[in-house]
Amino acid sequence: MIAAIAFYVLAAVSVFAALRVVLASNPVHSVLWLITAFFSAAGLFVLMGAEFLAMLLVVVYVGAVAVLFLFVVMMLDVDFVKLREGFTRYMPFGAVVACILLVEMILISAAVAARGAGAHAPGVQHATDVTNVEAIGRVLYTDYVYIFQAAGLVLLVAMIGAIVLTLRHRPHVKRQDIHTQVTRDRKKALAMTRPETGAGVRPEDLV
Amino acid sequence: MDFWTTPLGWTLITVGGILLVTVGILISLAFLLLADRKIWAGVQMRKGPNVVGPFGLLQSFADFFKFVLKEVVIPSGSDKTVFLLAPLITFILAFAAWAVIPFAPGWVVADLNVGVLYLFAISSLGVYGIIMGGWASNSKYPFLGALRSAAQMVSYEVSIGFIIVAVILLSGSMNFTDIVDAQAGWLWDWNMFGNGARNWPTIVIMIPMLVLFFVSALAETNRPPFDLPEAESELVAGYQVEYSSTPYLLFMIGEYANIVLMCAMLTILFCGGWHPGIVTTAWVESLPSWMSYTIFLLSFIIKAVLWFCAFALVKAFVPRYRYDQLMRLGWKIFLPTSLVAVVLAAAWQVFGVHG
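As you go down the protein sequences, you meet chains A and B in turn. Each residue of the first sequence is one higher than the one before, starting from 1 at the first, in the numbering used here. Each residue of the second sequence is one higher than the one before, starting from 1001 at the first, in the numbering used here.
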């Protein structure tokens, strides 16, 4: 019974938070509600016994992706009047997308209901003796190792692309070179001179 | 006895455990804060707080009342809800993380099988308190401080994550109790010294990983020399500028709870957790149970407090980093090093000759 209460509370919070993401007038509030939605979704994962996925959701999406999101949104100069202006213009387009999504979701749930709630896709095993971290690890690094590595490569390419697009070498900019700083010794940095009174240090003394 | 297995009894036990841990940490924080100031003062040849109570022992409680009894000032241009939510988030998350820390065999609020990931997830959420506080203040210095800290904490989380992965690979578990139990025995069975006869060559990677984890923990908790989010010479006090009274107190307690949490993590991941190390675990377990639990608990606390002293000494000794140096250290040195350590640890687990 406690599990049922927990489910309804988490589900209600995530639906409410998801609605607030779209309806909040301040973009920063939207992102904060998005984080709430992620967090309650992680709670739902825990209820379903997928604690590994729940933790990954929090670590990756809430801990890293949403922080950068918030980072960008916070720096926007928000103009509320302008934000409202486009509402009626984009409304029909948004309605069409929403309708398509709704129809697809109904189709999926109807298909699942027709097959019976207990039915799973073929090939999915229910391992009860191992934790789900171990279960995922066993499949991910054996059966799906090439696909997994390929996914990593795709991310790597995206990262390199982003770096290449933003990397600029500007001339005439003094940069700190830690290596030369650290390897500098007394011979390079110090010169002992004994200038005559009134004459001062001549440049050739300093070589 | 039956009562404790019913849902009501279970709930009572869990709530009692949570209260015990929270109150215990709050009280020890009061004295650790004083120790922090005393050590700092000692390095600078000052006396430190010594007026309230004997040796200034009650200083933290006096500070507590000072904070609580002051007026809460909320800037008129601020986003009030987010402004007040931010310190609460920092405070609650700092204590939520303690749920998975085992203090002695079986003395843990929630013995999760993904305990390490839980702790990592909770500590990665900690950045929200700071970033929300900085933004909601609607002021330039707090905002700059929040941006700095967001970038800093995200950067150092990556290397902390890789170091933890290396430890997980060697221990073969994500459960804190299992990680600690894998280090049972003598001093050289600790992860720090390569986990005993079975894994001894890993000492080559584990000692550098310990140093990396310690430095990353300093950066993750915004401690000097990485306290750039609140660098007083540049940003007044960073994200805390507009905070006063109890909200400020919540920020400060949350920050210190996180520091002590990092000390506990260093103890668990590298220094054998509750295992004393100077006597074998088997010998301690042969003692009467009250005695063995006292020894286990004491050795955990002593190790964590020693790490806290290291945190305090670093604060006193090391000058503050510049921001670009901080980023360079995180991304160009710590990240590749810890990545190599993960590869080496994995290779050792697969191809190594386990003696």
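Since the hints were derived computationally from the structure, they do not count as laboratory data. There's no promise every hint is true.
Not the full set, but computed from the structure, chain A residues with beta-carbon under 10 angstroms of chain B [stated by the list, open to error]:
| id | residue |
| --- | --- |
| 1 | Ile2 |
| 2 | Ile5 |
| 3 | Tyr8 |
| 4 | Val9 |
| 5 | Leu10 |
| 6 | Ser14 |
| 7 | Val58 |
| 8 | Val133 |
Bear in mind that the values here come from a model prediction, so they are computed numbers and not experimental data. Where is the CB? At the ideal position from N, CA and C, for every residue including glycine.
Hints versus structure:
{"no.": "1", "hint": "Ile2", "in the structure": "7 angstroms, holds"}
{"no.": "2", "hint": "Ile5", "in the structure": "12 angstroms, violated"}
{"no.": "3", "hint": "Tyr8", "in the structure": "18 angstroms, violated"}
{"no.": "4", "hint": "Val9", "in the structure": "16 angstroms, violated"}
{"no.": "5", "hint": "Leu10", "in the structure": "16 angstroms, violated"}
{"no.": "6", "hint": "Ser14", "in the structure": "17 angstroms, violated"}
{"no.": "7", "hint": "Val58", "in the structure": "4 angstroms, holds"}
{"no.": "8", "hint": "Val133", "in the structure": "6 angstroms, holds"}
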